[in-house]
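Peer 1: Counting from 8, one number per residue, gives the positions in the sequence shown under my numbering.
Worth flagging that the hints you see were computed from the coordinates, not collected in a lab. In this text, all values refer to a predicted model and were calculated from it rather than measured experimentally. Accuracy of the hints is not assured; some may be wrong.
As the list claims (entries may be wrong) - Capping the alpha-carbon separation at 20 Å, the derived lysine to any residue pairs in SDA-like fashion look like this: (1) K19 / E52; (2) K55 / L28; (3) K55 / C13; (4) K55 / I17; (5) K55 / H26; (6) K19 / N9; (7) K19 / N66; (8) K19 / Y61; (9) K55 / R16; (10) K55 / N65; (11) K19 / E58; (12) K19 / N65; (13) K19 / T29; (14) K19 / K55; (15) K55 / S25; (16) K19 / N62; (17) K55 / N9.
Unchecked claim - Have a look at the derived ranges for each label pair, beta carbon to beta carbon: (18) I54 / K19: 30 to 40 Å; (19) N9 / K55: 31 to 41 Å; (20) N66 / E22: 25 to 35 Å; (21) N9 / E58: 31 to 41 Å; (22) N65 / S25: 25 to 35 Å.
Backbone N, C-alpha and C fix where the C-beta goes; we use that ideal spot for every residue, glycine too.
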Amino acid sequence: MNEFICECRICKRHEEYSHHLTNLQEVIPYLQEPKQNAWPVGVEEAIKFFEQIYNDLNNVELNN
8 MNEFICECRI CKRHEEYSHH LTNLQEVIPY LQEPKQNAWP VGVEEAIKFF EQIYNDLNNV
68 ELNN
């Protein structure tokens with residue numbers, strides 16, 4: 008039996024969110040190093056992405 012995969016915007020964003028969260032979890036140990044002055048590449052992008060998802064979900068709730 009084929010698995011149903013929803014293609015709606017919220018589900019696609021959730022899939023992207025999960026992917027970025029996995030990447031962020033791999034980066035977090037670098038952030039805990041005391042000599043690290045700058046965030047590794049990708050963390051700022053992940054934060055912007057999470058903010059965008061938060062705003063998207065708020066817009067969906069306001070429109071319903």
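Peer 1: Each hint should be assessed against the structure and marked as holding or not.
Peer 2: Evaluation of the provided hints:
1. K19 / E52: 18 Å, holds
2. K55 / L28: 12 Å, holds
3. K55 / C13: Violated, because 25 Å separates the two Cα atoms, which is more than 20 Å.
4. K55 / I17: 17 Å, holds
5. K55 / H26: Holds, at about 14 Å.
6. K19 / N9: 19 Å, holds
7. K19 / N66: 16 Å, holds
8. K19 / Y61: Between K19 and Y61 the Cα gap is close to 14 Å, so the pair holds against 20 Å.
9. K55 / R16: 18 Å, holds
10. K55 / N65: 15 Å, holds
11. K19 / E58: 16 Å, holds
12. K19 / N65: 16 Å, holds
13. K19 / T29: 16 Å, holds
14. K19 / K55: OK: K19 and K55 at ~17 Å, within 20 Å.
15. K55 / S25: 14 Å, holds
16. K19 / N62: 15 Å, holds
17. K55 / N9: 35 Å, violated
18. I54 / K19: 30 to 40 Å: Given about 20 Å between the Cβ atoms, the range is violated.
19. N9 / K55: 31 to 41 Å: Check passed, 35 Å falls within 31 to 41 Å.
20. N66 / E22: 25 to 35 Å: 19 Å, violated
21. N9 / E58: 31 to 41 Å: 35 Å, holds
22. N65 / S25: 25 to 35 Å: The hint (25 to 35 Å, Cβ to Cβ) is violated, given that N65 and S25 are roughly 19 Å apart.
Hint violations for this structure: numbers 3, 17, 18, 20 and 22, all remaining hints satisfied.
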